[in-house]
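K.L.:
The residues making up each chain are set out below.
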Amino acid sequence: MGRSVKYVLVVGAALLSAFVVRRTGSLPPTPYRLSYPPYFGNRTNVGDDNPLTVEGVALGRRLFYEKRLSRNSTISCASCHQQARAFTDGQAFSVGFDGVRTRRNSMSLANLLWVRNFFWDGRASSLEAQAVVPLTDPHEMGQSMDSSVEKLRVSGFYETLFGGAFGAGGITADRIVKALGQFERTLISADAPYDKYIRGEYQLSAEERAGLALFFGRANCGNCHGGPKTFNETYHNNGLDRVPADSGRACVTRMGYDRGRFRVVTLRNIALTGPYMHDGRFATLGQVMDHYSEHVEPGETLSPTLRDTMNVPVQLRLTAVEKNELLAFLRSLTDSAFVTDKKFSDPFVTLK
Amino acid sequence: MKKKFLIVVVAAAFCLPGVGAFSQTAPAYSVKVSGEVTTPLTLTAADLTAMPRTTATARDKKGVAHTFAGVAIADILNKAGVTTGRQLKGENLAKYLLVTCADNYQVVFSLAELDSSFTDRVVILADQVDGKPLPAGTGPFRMVVPGEKKPARNCFQVTGMVVRFAKE
Numbered sequence: 001m002g003r004s005v006k007y008v009l010v011v012g013a014a015l016l017s018a019f020v021v022r023r024t025g026s027l028p029p030t031p032y033r034l035s036y037p038p039y040f041g042n043r044t045n046v047g048d049d050n051p052l053t054v055e056g057v058a059l060g061r062r063l064f065y066e067k068r069l070s071r072n073s074t075i076s077c078a079s080c081h082q083q084a085r086a087f088t089d090g091q092a093f094s095v096g097f098d099g100v101r102t103r104r105n106s107m108s109l110a111n112l113l114w115v116r117n118f119f120w121d122g123r124a125s126s127l128e129a130q131a132v133v134p135l136t137d138p139h140e141m142g143q144s145m146d147s148s149v150e151k152l153r154v155s156g157f158y159e160t161l162f163g164g165a166f167g168a169g170g171i172t173a174d175r176i177v178k179a180l181g182q183f184e185r186t187l188i189s190a191d192a193p194y195d196k197y198i199r200g201e202y203q204l205s206a207e208e209r210a211g212l213a214l215f216f217g218r219a220n221c222g223n224c225h226g227g228p229k230t231f232n233e234t235y236h237n238n239g240l241d242r243v244p245a246d247s248g249r250a251c252v253t254r255m256g257y258d259r260g261r262f263r264v265v266t267l268r269n270i271a272l273t274g275p276y277m278h279d280g281r282f283a284t285l286g287q288v289m290d291h292y293s294e295h296v297e298p299g300e301t302l303s304p305t306l307r308d309t310m311n312v313p314v315q316l317r318l319t320a321v322e323k324n325e326l327l328a329f330l331r332s333l334t335d336s337a338f339v340t341d342k343k344f345s346d347p348f349v350t351l352k
Numbered sequence: 001m002k003k004k005f006l007i008v009v010v011a012a013a014f015c016l017p018g019v020g021a022f023s024q025t026a027p028a029y030s031v032k033v034s035g036e037v038t039t040p041l042t043l044t045a046a047d048l049t050a051m052p053r054t055t056a057t058a059r060d061k062k063g064v065a066h067t068f069a070g071v072a073i074a075d076i077l078n079k080a081g082v083t084t085g086r087q088l089k090g091e092n093l094a095k096y097l098l099v100t101c102a103d104n105y106q107v108v109f110s111l112a113e114l115d116s117s118f119t120d121r122v123v124i125l126a127d128q129v130d131g132k133p134l135p136a137g138t139g140p141f142r143m144v145v146p147g148e149k150k151p152a153r154n155c156f157q158v159t160g161m162v163v164r165f166a167k168e
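Protein chains in written order, with our numbering: chain A, 1 to 352; chain B, 1 to 168.
No lab work stands behind these hints: they were computed from the structure. As the structure is a computational prediction, the values presented were derived from the model and not from experiment. Errors might be hidden in some of the hints.
Distance ranges between label pairs, derived from CB positions [what the hints assert, rightly or not]:
no.	chain 1	residue 1	chain 2	residue 2	range
1	B	Glu91	A	Gly169	23 to 33 Å
2	B	Asn78	A	Ser144	43 to 53 Å
3	B	His66	A	Asp290	43 to 53 Å
4	B	Ser117	A	Tyr197	27 to 37 Å
5	A	Asp48	B	Pro135	19 to 29 Å
6	A	Arg218	B	Thr119	46 to 56 Å
7	A	Asp308	B	Gln106	51 to 61 Å
8	A	Asp308	B	Lys150	46 to 56 Å
9	A	Asp308	B	Arg86	44 to 54 Å
Heads up, simulated DMTMM-like pairs for lysine to aspartate or glutamate below, C-alpha to C-alpha not over 20 Å straight-line [claimed, not checked]:
no.	chain 1	residue 1	chain 2	residue 2
10	B	Lys150	B	Glu91
11	B	Lys61	A	Asp191
12	B	Lys62	A	Asp98
13	B	Lys32	B	Asp60
14	A	Lys343	A	Glu322
15	B	Lys132	A	Glu201
16	A	Lys343	A	Asp98
17	B	Lys167	A	Asp191
18	B	Lys150	A	Asp308
19	B	Lys95	B	Asp115
20	B	Lys61	B	Asp47
21	B	Lys95	B	Asp47
With the Cβ distance kept under 7 Å, some of the chain A side facing chain B (calculated, not the full set) [claimed, not checked]:
no.	residue
22	Glu159
23	Phe231
24	Ser247
25	Arg254
26	Gly256
27	Tyr292
28	Glu297
29	Thr305
30	Thr309
Even for Gly, the Cβ is constructed at its ideal location relative to N, Cα and C.
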């Protein structure tokens, strides 16, 4: 065979394979550009093996709302994480596919890109590891990952979407949680009045300003919920019970001093995410403020930030006016654009 | 006695399924030293008692000074085989110590800040205050950084120390 013939064959084969690649949808997916304010910082939590792509995020959104992922195809992630409620469900404890309630309160999903410890007790270190738990928990979505893969496969239309997002290799358990993780990392809430205030685009009202001063001052909320993200990666016993019924962080570490400690969660959209605390015991933000104001319980593991130098619980003794000021400030953390953003809504509804 | 109480009540409280219920024997409190070390360590209360002891003073929220006793961080780093003293030059100056506490609070020191060839200040890992064990909430092990205006690095319930290179 002549040299030029060989060349033609090689080039021809390359062109053909490129054509085949395009037809099967395994062209490399398009990188997804995350956009967030610089004041959130860049200590993000994205696995090297799961970079965000446009196709992966779109697939993840679909899976987030996909009821086939529950055992009797009645609930999806979005059942307990509803966008209008900043991805919570308004319940103290959520109802699984079988009607049984969970043992902890459904967590708000916002700014997860920066979270490094998931669940109230921080037992998962990635969104991918987190997702497996509610998907397979016998009383939440109640379905093995293998069954989920199979149900998506027989639906007929997921094969192409997985190919577009991850290339050849079809639908796998690993890819299901990766796509979910990609979508969840795009849930960035950064357009509340408080953000506009930080950016110099909004003047806080007198009441909000007084609330902000209390939040970072005398009430000391900012000690744990400070910084524009309003959470930090720490665990505290905030004095709910003298003897906690739920061991919290100690369930993971088995250390006595972690008993009754729970993650410091975000206050973003907090006016939408009641009831509050890991067990949803407080129906309103007013009750939450009453707790920190008058009812912090002593206990072995009570956070040092809630004790005075004599080790006695600090009760803030807020006046009614101060509570209203704090409430006004907390409401300025509500991001109405986030909870109505079509990018995060149910794609099955949008498609109809 | 206090510790025994903790373990018992912990066993009585509920944990979520699959998270691992408590056994009656909770692990002993310790500080793990890892990262850019030649000898990773898991220091228990007994290990700290057996090491060279030193003291440091720090003020509480009310400004009252207390004497803390424990082990110099420099000695812990030496024991772990970290690049201290004469080795603390060149690229080793781009190393830092990340201290993690039980509540996941984290603070950073540059190695030079902790080294006696750079500074006379002795930062310690304390296990006693005013001659007594640290109180619940701050013990069994805490940092004491003398002379700092803010107490934010005097962190409580230390569980880990990791030495790393800054990788910029």
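K.L.:
Of all the hints numbered above, which does this structure not satisfy? Sort the numbers upward.
P.N.:
The structure breaks hints 1, 3, 4, 5, 6, 7, 8, 10, 11, 12, 13, 14, 15, 16, 17, 20, 21, 22, 23, 27, 28, 29; every other hint is satisfied.
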